[in-house]
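*Asks:* Single-letter residue listing:
There are 2 protein chains.
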Amino acid sequence: MPSLYHHPMSAASRFIRLVLNEYELETDLIEERTWERRRDFLALNPALTLPVYVDESLHAFCGSGVIAEFLDETQGVFQKQRRLLPEDPVARAEVRRLTDWFLVKLEHDVTRHLVRERVFKLLMPKDLGGGAPDSKALRAGRTNINQHLRYIDWLTANRKWMAGDTLSYADFAAAGALSVLDYLGEITWSDASQAKDWYQRVKSRPSFRPLLGDRVRNMSPVSHYADLDF
Amino acid sequence: MPSLYHHPMSAASRFIRLVLNEYELETDLIEERTWERRRDFLALNPALTLPVYVDESLHAFCGSGVIAEFLDETQGVFQKQRRLLPEDPVARAEVRRLTDWFLVKLEHDVTRHLVRERVFKLLMPKDLGGGAPDSKALRAGRTNINQHLRYIDWLTANRKWMAGDTLSYADFAAAGALSVLDYLGEITWSDASQAKDWYQRVKSRPSFRPLLGDRVRNMSPVSHYADLDF
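Protein chains in written order, with the numbering used here: chain A, 1048 to 1277; chain B, 1048 to 1277.
Incorrect hints may have been included.
Identical copies look the same in the list; a pair holds intra-copy or inter-copy alike.
No farther apart than 30 angstroms at their CA atoms in a straight line, the calculated lysine-lysine pairs in the DSS-like style are these [unchecked claim]:
id	residue 1	residue 2
1	K1152	K1183
2	K1243	K1207
3	K1183	K1168
4	K1127	K1243
5	K1127	K1168
6	K1173	K1207
7	K1152	K1168
8	K1127	K1183
9	K1207	K1152
10	K1243	K1152
11	K1243	K1173
12	K1207	K1168
13	K1173	K1127
14	K1127	K1207
15	K1207	K1183
16	K1183	K1243
17	K1173	K1183
18	K1173	K1152
If you're looking for bench data, these hints aren't it; they were derived computationally from the structure.
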């Protein structure tokens, strides 16, 4: 069976888990704590990023962008209406732009700060960077989240799905990131009703169910985290 | 004619310029100073990243990853032996892994620090972040460059081209970044003879010639920058 090195609080890992679930590809999940810099994991992925997908021939695919393209080429092409990258090159570019937006820009502006300060630092030993959260980093993440939420609200108000008329990688990249932030109670859904409606639709999909069961040690999710009607 | 918003000191812009030259696609080059946050440019690319490619139908493609995939789908497929993404999904994944490595990881660890501190801060007005270089950021970039150079040396010692037997996007992503660092005299080529041999081969290609003529105001390149025999 293929395996996926991931972390429940890694937005990019959640994106790929959602895609694998959508395509009904069974995968062994292996939780990786990248800050431990395990030698075997470094050999798989010298960039030390998550997720890493290892297929049945033991080829390693590093990073969500590389994995998403590989899955499109080897699985998506056979999915017809359920393919998560459209056929048209211009439409594909819009899906990729937004997928990057959520996995690179939202990650950089918001997610990495809040996850690092609120979750990873609790799990890390002190000599590897663990300790109390840095209030400046928390503030940066919390300031930036509003602009992102407004953009998502605008996109979802103007389109059926995140990148256009059909469900795509862009929806699952966004949902992967927002579900991490929602776990931490960092999203004020009442400020973004269109985004909330879209998230409710994605969250109700069977592919999402396993993520609703994710738990991190010492850090329970907000009470509405697993509610489909939040 | 299509156009490309770029900056001569943006590694990702250089990558796409090299690809466009390899495929002999004439393009209008428009220099963009992203720190000015021009309203028209923000409308094209709200992420405010370079490069942005605008095709003849005035569709905008934002970011080198999105542009590279679009060019592969609309141009690469007709290039036969000269196609810069191989056909095989596993080989494509290795090209994409390394392309990301140079455009994301090398950029994050090294290039952005050195370019920002040594070039952009000279060009920026003070209220937009201009001023004297930050010695801590310079030191970070210069420390990290050695490890990257060793990795490139190892890759090029073990392979004909960066990602395998054939010339690919990975070569041009690496060359885009290294040529910026070389312009600034930040690379000690004598420490990396295999990397140097590889760079000499890429630099000698006709697609590279226009880059050798790039100049930035107030900042001449090192004397060997345009030498094919450095």
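*Asks:* Hints broken by the structure, by number, lowest first?
*Replies:* 5, 6, 8, 11, 12, 13 and 15
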